[in-house]
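Asks: Build out the structure end to end from the sequences listed, making use of the hints.
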Amino acid sequence: MDLALSDADIAFRDHVREWLRTNVPAEPLASLETAEGFEQHRAWEQRLHAAGLSAVSWPREYGGAEATLLQWVLFEEEYYAAGAPGRVSQNGLFLLAPTLLQNGTDEQRARILPEIAAGTEIWAQAWSEPGAGSDLAGLRSSARRTDGGWLLSGLKTWSSRAAFADRAFGLFRTDPEQQRHRGLSYFMFPLDAPGVTVRPIQRLDGKPAFAELALDEVFVPDADVIGTPGDGWRIAMSTASNERGLTLRSPGRFLATARDLLREPGALDDTPTGERVVDAWIDAQAYRLATFETVTKIAEGGQVGAEASLNKLFWSELDLELHELGLRLQGPLAELTGPDAPAAGRWQDGHLFALAGPIYAGTNEVQRNVAAERLLGLPKGAR
Amino acid sequence: MDLALSDADIAFRDHVREWLRTNVPAEPLASLETAEGFEQHRAWEQRLHAAGLSAVSWPREYGGAEATLLQWVLFEEEYYAAGAPGRVSQNGLFLLAPTLLQNGTDEQRARILPEIAAGTEIWAQAWSEPGAGSDLAGLRSSARRTDGGWLLSGLKTWSSRAAFADRAFGLFRTDPEQQRHRGLSYFMFPLDAPGVTVRPIQRLDGKPAFAELALDEVFVPDADVIGTPGDGWRIAMSTASNERGLTLRSPGRFLATARDLLREPGALDDTPTGERVVDAWIDAQAYRLATFETVTKIAEGGQVGAEASLNKLFWSELDLELHELGLRLQGPLAELTGPDAPAAGRWQDGHLFALAGPIYAGTNEVQRNVAAERLLGLPKGAR
Amino acid sequence: MDFTFTDEQRQLQEIAGKLAARSGHPRVLPPEDTSSAFDEQTWQLLSEQLGAPSLAVPERFDGAGYGLLESMIVLEALGAQLVPGPFLGSPILTAQAVLATGDEQAGQRLLPGIASGERIAALAWSEPGNDWPEGGFDCTATERDGEWSLTGHKVHVLDAARADVLLVAAEAAGTGPALFELTAPARTTASVPMDRTRELGEVRLDAAPARLLGSAGCGAAVLRRCRAVAAAAVATEQIGAARRWLPEIVAYTKTREQFGRPIGSFQALKHRLADCHVATEAAYSLCWAANWAVSTGDEQAEQLASMAKSACCEAYSAVAAEGVQMHGGLGITWEHEAHLHLKRAHSGQQLFGTPRRHRELLHRG
Amino acid sequence: MDFTFTDEQRQLQEIAGKLAARSGHPRVLPPEDTSSAFDEQTWQLLSEQLGAPSLAVPERFDGAGYGLLESMIVLEALGAQLVPGPFLGSPILTAQAVLATGDEQAGQRLLPGIASGERIAALAWSEPGNDWPEGGFDCTATERDGEWSLTGHKVHVLDAARADVLLVAAEAAGTGPALFELTAPARTTASVPMDRTRELGEVRLDAAPARLLGSAGCGAAVLRRCRAVAAAAVATEQIGAARRWLPEIVAYTKTREQFGRPIGSFQALKHRLADCHVATEAAYSLCWAANWAVSTGDEQAEQLASMAKSACCEAYSAVAAEGVQMHGGLGITWEHEAHLHLKRAHSGQQLFGTPRRHRELLHRG
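Residue numbers (the working numbering), protein chains in the order written: chain A, 2 to 384; chain B, 2 to 384; chain C, 92 to 456; chain D, 92 to 456.
Because the hints were derived from the structure by calculation, they are not lab data.
For every residue, glycine included, the Cβ atom is placed at its ideal position computed from N, Cα and C.
Accuracy of the hints is not assured; some may be wrong.
[Claimed, not checked] Here chain A is said to cover these stretches of chain C; the calculated rule only asks that three of the stretch's residues, wherever they fall, bring their Cβ under 8 Å from a Cβ of chain A:
id, stretch
1, 277-289
2, 416-423
3, 430-438
4, 442-448
Replies: Structure (structure tokens):
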């Protein structure tokens with residue numbers, strides 16, 4: 002056990018810190034969930050890419066910098082500490098790319114990954130359906146075989162980024178005879194393809210952060226199926242494990258939020274709120290250290306399995322607590338929005354965003370089932 | 002709506018207050034869970050009885066004072082506020098007596114109730130078995146028909162007061178063919194009867210507050226069966242609803258504890274503990290007011306049904322919180338027992354006692370099921 | 092002691108409940124619409140058909156001469172349906188403030204209009220960093236030749252931009268805090284609160300002409316009374332909403348199926364909903380005890396109102412949070428009602444003292 | 092950065108684990124037996140076979156010259172099985188106190204005996220109402236003709252009645268807090284703690300002759316170091332116990348049947364156990380980061396130790412409380428192990444600063 006950083010890691014971290022210090026825009030970009038902001042964020046991805054920092058842990062051939070997993074975590078810490086813009090490429094970087102790296106063809110990787118790294122193609126995800134949220138295996142959208150490809154039909158919802166993104170990926174039922182997890186396949190499709198109707202959904206801050214996607218016989222060539230048809234569930238679960246595990250929520254974000262929280266007036270008073278602030282700050286540190294522990298394990302050849310559920314529970318509830326405390330410290334001023342809002346509405350916006358944490362990527366109820374059954378070995382079934 | 006007390010109620014309360022002021026022993030009695038303390042508490046019951054205050058709400062013919070339900074609640078407030086001794090007759094007063102009043106024969110009432118009121122006969126309860134705690138319907142102790150009565154056999158456990166009490170009551174399976182709730186009957190039996198072996202069980206404070214009762218063909222005459230044989234479950238549930246409802250845990254106890262808590266040094270500081278203290282105090286007031294609301298409802302002919310589950314959840318968790326806070330306010334001194342213990346060990350003893358609250362009389366898990374299913378109408382079955 | 096409503100009170104409860112449920116207010120405005128949340132039609136029905144604003148106003152001021160308890164019955168119904176409007180701010184809070192000053196002339200002048208619902212009155216009280224205090228205002232009142240003028244900045248004023256009558260709490264040199272009535276229109280700006288079902292605003296006063304209400308120096312006592320009334324009122328709104336919304340959450344979990352079962356059959360959810368029910372019912376008892384106490388002037392009124400505010404806000408917040416979580420994706424969209432409760436629970440917490448502040452008051456009391 | 096143990100450390104962990112699990116200590120003493128919790132045989136095995144007390148003592152003082160990290164590995168194993176004894180108080184806390192004073196002579200005099208396990212050392216620190224502070228002691232140290240004498244009253248002293256060596260934190264006029272070694276037997280009394288797996292006692296000093304350790308005025312820094320070491324050590328014990336006990340609770344819920352099913356299949360229980368697991372694992376990461384930091388003298392040592400103490404105590408308390416509740420009637424009897432955890436969790440919270448106190452330290456830090 003040695004928790005000191007190596008010289009190489011320190012050099013990497015310092016390089017990232019310095020680049021961010023000189024490049025992060027002084028004024029925040031417009032909201033990612035507006036047409037204008039979306040393009041600003043795309044341009045920012047392109048700047049990151051030019052500096053070799055858009056996908057640091059990827060192979061160089063796809064636009065990465067071949068950083069270690071530990072370095073990626075350090076990168077994320079620096080990124081959030083610098084207050085850099087939200088990642089509009091997030092779905093491509095952290096959900097689709099790991100899937101392609103693991104299950105895609107060489108052709109798919111060569112065609113798609115560089116566009117993600119360069120910020121030229123922005124991806125939405127298309128998992129949920131109105132009747133299949135936590136219970137993803139209950140989905141009904143279908144893909145019918147046709148010449149040289151498939152015709153997708155059905156209704157997808159809570160599709161994040163889809164209001165402005167270029168393409169989307171998701172599961173469709175290719176074998177109508179099969180039930181639940183069987184007979185599903187993994188597709189990629191353009192959001193401007195004939196037959197796709199995108200209806201933006203307003204998040205509870207009023208911004209169109211999701212969309213409903215109505216698909217009516219949308220043609221997808223065989224080249225845009227990931228893995229073998231019918232193998233979609235297994236492939237999606239490997240993505241989901243990524244989504245719920247390390248890659249989606251690195252500790253950097255929560256450390257930065259915790260640090261912001263400590264700077265609010267009253268945060269460090271010896272009051273009930275002050276005590277919760279310190280507890281939340283301790284939790285952010287614990288999440289950081291637990292991540293380093295996981296990274297060490299992976300570096301030694303270990304696997305992250307159901308432990309990802311612990312992460313999801315931990316970060317999503319921590320994020321909510323941090324933002325609730327942020328609001329609490331503002332007192333009645335937190336009630337004001339627009340130009341009157343304290344801290345430019347940072348805590349209000351963050352709070353509304355954090356509310357989604359326990360819901361998406363598998364509700365926390367599902368995560369608790371997974372933790373209880375797979376990690377503690379409690380009986381399955383009866384819930 | 003008028004929350005003021007009537008003149009009659011005020012007069013009753015003042016009478017009780019005055020009697021207690023002059024009669025409550027200055028020195029606390031020895032622990033109820035010792036042979037010596039048990040007899041001291043029995044003597045106290047006899048003093049209460051002589052003053053007509055041992056069972057204020059009962060009919061006069063059985064030793065009561067025919068007080069209203071509201072007056073009984075006021076009596077309890079005064080009783081706990083005065084720091085009067087714990088009620089060694091509790092099982093008889095609050096569990097058995099309501100059962101007899103509702104389901105017993107005139108002969109049983111005339112024979113048994115006066116002895117309870119007078120403190121001459123102290124009752125233990127004999128509900129649980131090693132394999133049937135929360136799931137009372139799973140019990141296996143049996144009663145076999147014999148001339149003029151029944152022979153009870155089996156093992157009962159968590160029998161409170163049984164280490165020193167005179168008699169016990171409980172359910173036994175009279176029809177071995179029947180399952181679960183069916184084929185159970187309600188019996189009373191002496192603890193010194195041939196065939197009864199009482200093994201005291203030490204509570205987690207080391208005191209023999211419970212016992213295990215081994216019964217081997219214990220004869221019970223027909224006169225000591227309550228209600229019709231086979232009707233035991235229904236009768237027991239009416240007792241249980243009493244146990245979980247108003248009668249076992251009147252607000253007086255928690256109000257007195259909350260008041261004691263407020264007097265501890267540091268209780269009213271604006272600290273995290275201070276905030277919890279105020280919250281607990283508010284909860285004690287809420288419990289008091291909710292009880293008055295229920296009393297009003299009953300006075301107008303209403304029934305208390307599944308709402309009793311809310312009470313059980315509320316008081317048991319409040320009691321635990323009050324005592325945890327009591328310990329917390331002592332700081333490291335709370336770790337010391339014996340002569341070094343702060344406040345004569347009041348918070349430590351109370352805490353260990355309060356820990357049983359969420360477990361006995363139907364665990365709080367069962368109460369939450371009842372509340373969800375019967376009060377909110379959520380689906381039963383799958384848990 | 093009797094905790095039940097009279098038949099007349101029950102009737103009022105029923106009528107107000109129907110009126111509130113029929114309220115034409117679109118519960119979910121489009122996000123870009125930051126316009127007023129005021130529901131003109133419901134206000135007219137309340138005023139004209141039900142005479143609700145007059146309930147707690149004495150007959151000598153053209154009121155109906157019932158008690159504050161009756162007003163709270165109506166307020167609970169309005170709160171349950173998140174109906175926007177000045178019922179809390181004008182006929183409850185501000186009218187009670189006028190009454191608390193004991194100023195008969197002011198009563199004659201102001202209360203008939205408030206009671207009829209024709210005039211809307213607001214109480215400008217909080218200042219930046221000084222939330223609903225009993226005194227210590229930065230806003231000053233200066234007397235010259237028998238005329239008062241006020242200078243200061245007031246925030247979180249309910250219905251500020253809509254008010255016909257503005258009362259202002261200000262500090263008079265020598266005699267301390269007092270209540271004043273502005274005698275000329277003031278500079279008010281509407282805020283855009285997170286909870287769009289309330290109208291909040293700011294008032295800026297620069298030597299604004301005003302009249303003193305009551306006697307000099309009575310401000311602290313009046314404001315303590317106002318805080319108790321406001322705390323009980325907000326508690327009533329919050330618990331009304333919690334007790335209407337919880338059954339709707341329950342109903343949703345009975346129809347929404349996942350993993351082949353209604354999600355309301357999952358035990359973990361059942362237990363959390365049971366906990367919400369426990370908290371809500373306990374808070375409800377406190378709420379009505381507080382309402383009775385503020386209505387009758389019971390000596391425990393301030394204490395009970397603080398307790399009720401604390402408990403009802405916490406209970407509603409818990410219900411609102413479960414409402415979001417149990418509705419899943421729906422819960423985090425603008426289109427669904429769930430977020431309105433979350434925001435309403437937040438605004439209720441903040442207004443007239445957070446639960447924490449009311450706990451502090453209990454510490455002192 | 093590497094978070095994993097070396098092979099040698101893993102071996103130590105395994106051996107210590109076996110030794111602790113085999114510890115002959117009867118876990119549940121009869122309630123009337125308030126005698127010592129000390130487990131002589133385990134202590135001998137630890138000292139003689141494993142050389143555990145010597146691990147963190149430098150070779151020049153006849154120690155094994157490993158680090159504090161290795162001691163913590165052993166302590167975790169002992170904590171997991173609630174093994175009583177002076178391992179925390181003597182070779183960890185008091186030996187580290189001696190080392191922190193930088194007093195080589197004291198090291199030569201005291202550490203060989205502590206390292207061999209033959210002498211048991213205790214640190215008398217807290218005073219009534221002044222819990223493990225850095226200074227401000229009522230206990231005074233007076234020098235006359237080069238000889239020190241101490242007067243005061245110390246409480247919550249681990250192993251007080253058993254100690255061969257007693258160090259005392261006292262206030263020297265002019266130079267402030269410092270550490271002293273008593274040079275004659277002191278008046279000690281054993282307390283009866285709620286947690287019988289610990290020995291606590293009091294020390295009363297009335298002009299007791301003593302030696303100064305290190306230089307005058309170094310006491311505050313030494314005690315800060317001691318507090319970090321003690322906090323990390325208690326955190327290690329607590330999390331060790333939590334991580335051993337939680338799986339046993341889980342195992343019980345898998346066998347205990349009610350309503351025709353193992354109670355561990357009820358979702359509400361599953362979720363609560365999952366929450367315990369989340370809290371325990373997060374606290375575990377903090378614990379070992381703190382242990383690494385106090386072992387290497389990292390600049391974040393004090394902060395990490397306070398965080399670890401807070402998180403590990405809270406996690407263990409939660410596990411212990413669920414242990415009682417899930418065992419039902421068994422959980423509230425003396426005969427069953429569940430209550431030992433509850434009491435151990437409580438004593439761990441109290442010793443060397445409550446979680447709340449450590450949060451305050453973080454506030455300051």
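Asks: Give a verdict on every hint.
Replies: Each hint tested on the structure:
no. : hint    : verdict
1   : 277-289 : holds (count 5)
2   : 416-423 : holds (count 5)
3   : 430-438 : holds (count 4)
4   : 442-448 : holds (count 3)
Consistency note: the structure conflicts with none of the earlier hints.
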